[in-house]
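K.L.:
Each chain is listed here by its residues.
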Amino acid sequence: MNKVIEKTTIIGKRVTKLDAPDKATARTRYINDLVLPRMLYAKILRTDRVHAKILSIDTSGARALAGVHAVITASDAPDGKIGVLRDNPPLKGDKVRCIRDEIAAVAADTEEICDAALRLIKVEYEDLPTVFDCTEALSEGAPIIDEDRPDNIAMQQYFEHGDIGSAEDDSDFVVEGEYNVHYVTHCNMGVSCSLADYDMDGRVTIYTQTQYPFNVKMDIAPSLGAHPGDVRIIQPPIGGAFGSKLDVYPYEPICAILAKKTRRPVKLIFSREEEFVASPTRQPVEFNIRAGMKKDGTLTFRDVDCLLNNGGYTSWGATTPYVSMRTVTSHYTVPNVRYRARAVYTNNPFAGSFRGYGNVQATWAIETHMDRMAEVAGLDPIAFRIKNANYPGEITPQAANLGRVDHVGCILQAADKSDFLDKWHDCKARQAENTRYKRGIGIATSLHNAGGAKIHKSDGCGTMLKMDDYARVTVITGASEIGQGSDTVIAQFVAEELGVPMRDITIINNDSATSPWDVGVHASRTTYIAGNSAKRVARKARERILRAAASYSNVMMENLDLRAGYVVQADDGVVIMPLDKILRQMHFAGEDAELVMETDYYEPPSEPEDENHVGDMSAAYSHAAHVAEIVVDTKLGTIKVEKVWSAQDVGRVVNLTGLEGQIEGGIAFGLGYALSEDLKIVEGKVANPSFRDYHVMTAPQIPEFDLTFLETDDGEGPAGAKGIAELPTIVIAPAIGNALYNATGIRIHHPPMTPEKVARAIAESNAAQDNAKGRTDERG
Amino acid sequence: MSLKIEISLVLNETKVEASVGVTESALELLRREFDLCGAKLACGEGECGACTIIVDGRSRNSCLTPAVDLDGRDVMTVEGLWTEKGVDAVQQAFINEGAVQCGYCTPGMIMQARYLLNRNPDISEAEIIRGLEGNVCRCTGYKKIIAAVKGASRIQEGSPG
Amino acid sequence: MLPQNRFPPVITEYVNATSLEMALEALADGNGTPLAGGSDLWAQKDNGDGRIGSRLVNLNRIDELRGISVNNGFVRIGALTSISEILENQELAGSVALLPKVADRFASDQIRNVATVGGNIANASPAADFVLPLVALDSEVEICSNGRDPRKQALSEFFTGPGKTILGADELITAVIFKIPQKNFHGVFCKTGPRPALEISLVAMCLTGELHNGILDNSRLVFGAVGPTVICCTNTESLINGSQIDDELVAGALDMMAGEISPITDVRASKWYRTHIARTFLEQELIVCRSK
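Residue numbers (numbering that gives the first Met the number 0), protein chains in the order written: chain B, 0 to 779; chain V, 0 to 160; chain Y, 0 to 291.
I should point out that these hints are in silico values taken from the structure, not numbers from a laboratory.
Everything numeric in this text was worked out from a predicted model, so none of it was measured.
Heads up, a few of these hints could be off.
Stated by the list, open to error - Pairs of lysine-lysine, DSSO-like flavour, derived with a Cα cap of 30 Å:
id : chain 1 : residue 1 : chain 2 : residue 2
1  : B       : K121      : B       : K260
2  : B       : K639      : Y       : K100
3  : Y       : K182      : B       : K639
4  : B       : K634      : B       : K422
5  : Y       : K270      : B       : K684
6  : Y       : K270      : B       : K679
7  : Y       : K163      : B       : K684
8  : B       : K386      : B       : K642
9  : B       : K6        : B       : K539
10 : B       : K427      : B       : K294
11 : Y       : K270      : B       : K772
12 : V       : K84       : V       : K14
13 : B       : K121      : B       : K684
14 : B       : K756      : Y       : K270
15 : Y       : K291      : B       : K634
16 : B       : K2        : B       : K539
17 : Y       : K100      : B       : K756
18 : V       : K149      : B       : K639
19 : V       : K149      : V       : K84
20 : B       : K12       : V       : K149
21 : Y       : K182      : Y       : K291
22 : V       : K149      : Y       : K100
23 : B       : K94       : B       : K684
24 : B       : K679      : Y       : K291
25 : B       : K642      : Y       : K100
26 : Y       : K270      : B       : K634
27 : B       : K642      : V       : K149
28 : B       : K634      : Y       : K100
29 : V       : K149      : B       : K416
30 : Y       : K270      : B       : K639
As the list claims (entries may be wrong) - In silico negatives: residues of chain B with every beta carbon more than 12 Å from chain V:
id : residue
31 : T261
32 : D425
33 : A766
What the hints assert, rightly or not - One-sided excerpt, in silico: chain V residues whose CB lies under 7 Å from chain B:
id : residue
34 : C36
35 : A41
36 : A49
For every residue, glycine included, the Cβ atom is placed at its ideal position computed from N, Cα and C.
Just need the whole structure built from these sequences, with the hints factored in.
P.N.:
Here's what the structure looks like:
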């Protein structure tokens, strides 16, 4: 009797990450660990001023030091600049605009010699007037930061839909609010690192932490005076990125210029303090919101004005309004919207992209504001949100087709599982009780792109697949694995199509010379875009194999399937032949010989925004709702988050373990943003550049999690999946802020909700109440 | 040239000798002399635990350990946990439970977990959480790491000896 | 630190001391820097602050400096005793449970395993948690040097400023000694921070005394991180001693204490918040005393 193999699926299961065994045994070599033959080390001399003319740079002492191979300044660098506006020369020659600025760099035999050489470089400055505040920088006579933009405006965006004026006239209530979100930074465990190596023909290989391997070629080339085609990008394993590696930063071209000068491989690695001082931050924003509603709570309009502190140069931070705008215009159904954002040059450090990109900021503002509006409308937080929730197929003012979303489902799941309303009413009633520890519960939701984001002409990903004579599969994908688990998900889609075990699949993805093009790992896009491409390329291979198997077996191709390494009959699972056997038959078939080698380039059905910011820029959208239950120490101001309920529309679960890990980690990121992480910038300088004084979440601070996944089965996504990794970071902070209000009646508009800030707000509120009581008593 | 001192130690169950700089850290020594890159430099001031190793049965930050002080000591790094008998229960549990994302903190986490389990094979969840306070992970939100340490204690129980 | 600010120390001599005598000899000319756990010294070594002299004197193999002993009602903790050893010591858990409790709030396992009692004292950080209970226990520091007799110094008078002590460059702390407290000893330690131990204290407080029927006698009130050194609030102690702890006393004690501490505003906390924490801690602990 023939062997029978039942149909099974690997989608939605708990799958071990492909990179976990090597990482757990320290077989993995990270970029920071790499050593190339004859490699030199490099270090950068940074300014100690925030705005100053450079009068002179004397590098003679450093050049004379034994073991130093090159010392470079602006005069050694090509003219090309980097950054989103190409306003950042990797080495500064005429003036410095912020504390990070690179003055010179050294390549030497050891890091110690580099340090010693830096100390021998003498720089003379003439200080210039400084400006750190957006409004001041916009005022008449403010110091000019970038001479090419004398108004100090780096970028601005404006969008209007409907009629704000008449909507306001029709509103029963208008609520206003100001919400300023702060500086935080990525704190990747692996500090910034670059390794560059030139060949004799002027082609450069750059080992980098980039999340943007193909665009980085184009972005870095001008600063090297190179053709983008002569830049090869290799992505070794890295210690986290979280958005920080989307742009090119000065250390990368500096490293490459030193490699060119010395004709040796050069490696540049940051210290942790340098990482705090000189790597991108999240974009700080000042939001001013006016929003109206009818008596019954139906939203009528939203009018939002944003100022972004751009710092001295323009990186991706200035573009975060493209995403903030989506939240403002499309999160909840709002018929009339206006959005304006201006990124303003100052002498502060500058921001880059960061997990949740623009939406972390906007969701803090919008969801805090929504909670305030609910109170004005006399509705509870759940009823008010459901009344205005997005609905499936909704077309938003910016022409996003929300497709199969389940905003209401997310809200209800999170609310029901947490017993939200009972607790919310109870905590509210207990606010006035004279107890030190107060309990509160809060909710927030958000909307995010979940099918890529077409910020370039293409949002695609290429994949190549080959199979060998032993049915081992090699997948060469454009997608970047940075620890988030994309290789594993890609392999799952391939395993599903080809009926092969996971361990027979090798994913190759880290060299621009071998991998096909991909935009990069950002915007929660990799599972969706690269997953679709992998699925499609595997489908092509599957069809080729089944076609051959049909001709060898005389079974109709439609009744053939690939399962567990065998070709089987689809209807009854009866084995026809081992997969490797058919592959060999195909390979060694004389004149008809064929190897299974397929390619695919997947372009999602999305469109770039037009100049008016209209366009359906993602192939899918999704929501998440978070409920946070907290206990506040009203004396010390400490917030203990006891439990977080998350309900997220994930389209379809692909790797359950990986999904949980992304959501748990994302929430932890958001907890830090909400409670403790605060990069303190004092007169342009970073005041707390260490883990001692910049507090990321540690194990004892993590609350209990209750995760719910809503499977809306996206029509386009691979197996119905949507992108998932940013929403968890986006939603949690305002849920905690709203819980704090529920517990204490204290509303914090400007995160983080540090103990001192909360304690002070409570003390001030108590003092105000005592004063009021005193006045009443006097009158009485 | 900075002062060099000759030391000998037992490194991952093997007796070794090295000439170390007097200002060198154990972390630098492991990388320079022995090509052991499991311990990671992530902060250099004992705040993150990515460089955790076990010395004479006690976990410590190798970035703050003077290399000269390893003389005569017994040093275990994450590389020493995987032997011909197989991978350590902690390593296996980290793999099984999805406790590894970028993986940069993983060797330090695994060494600290190994230390905790050596001291107390029946460690409670609360003790695990407190025991991991000195190890920062930026990816996982710690849940799966805590589960892995619990899982390792179960794997150990089930294994002979 | 930034690469340009890194100044590695120049060490030309290394002494691996195997006895106290050998260590003291190596320190005698004032150019030696003692190395204990290293958790602080190694983190700061490239600061360029001149703290590390030309001779590194490793103390870690001097067994006589290690360990906890109890004799004639006195506890003697060798300077090289690690914070973990304090945490795990059964004797202390029974007789001076306050010390293991403070040890449990100290940094992380990895640091506790190496940081020493002597090092925590010698570093003289105003925020050094472990110093507080030792001051509250009226500890004495035993100090040795080459050629002079060992001397004992009250720990409360040991510190002269942030990072500054009365310890001479040729001297070494060898032990800290204190009397085992009375049976009705009450001792508490409070420290801020959402992280149980890793946090650098914004304010730390230790309150001890003999407690009966809600009255505290012979009290010690010691604060960390609210002044250039550890602060002993002796006036507040006098006010508390022997008094019924009622609302009036609590209010008076809080005000008096606020006049004895001198917190500053820095990147970690404002003067206002530090004062607020100190008041909260003292109020909370006096109320606990009242109910016992």
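K.L.:
Which of the listed hints are not met by the structure?
P.N.:
3, 24
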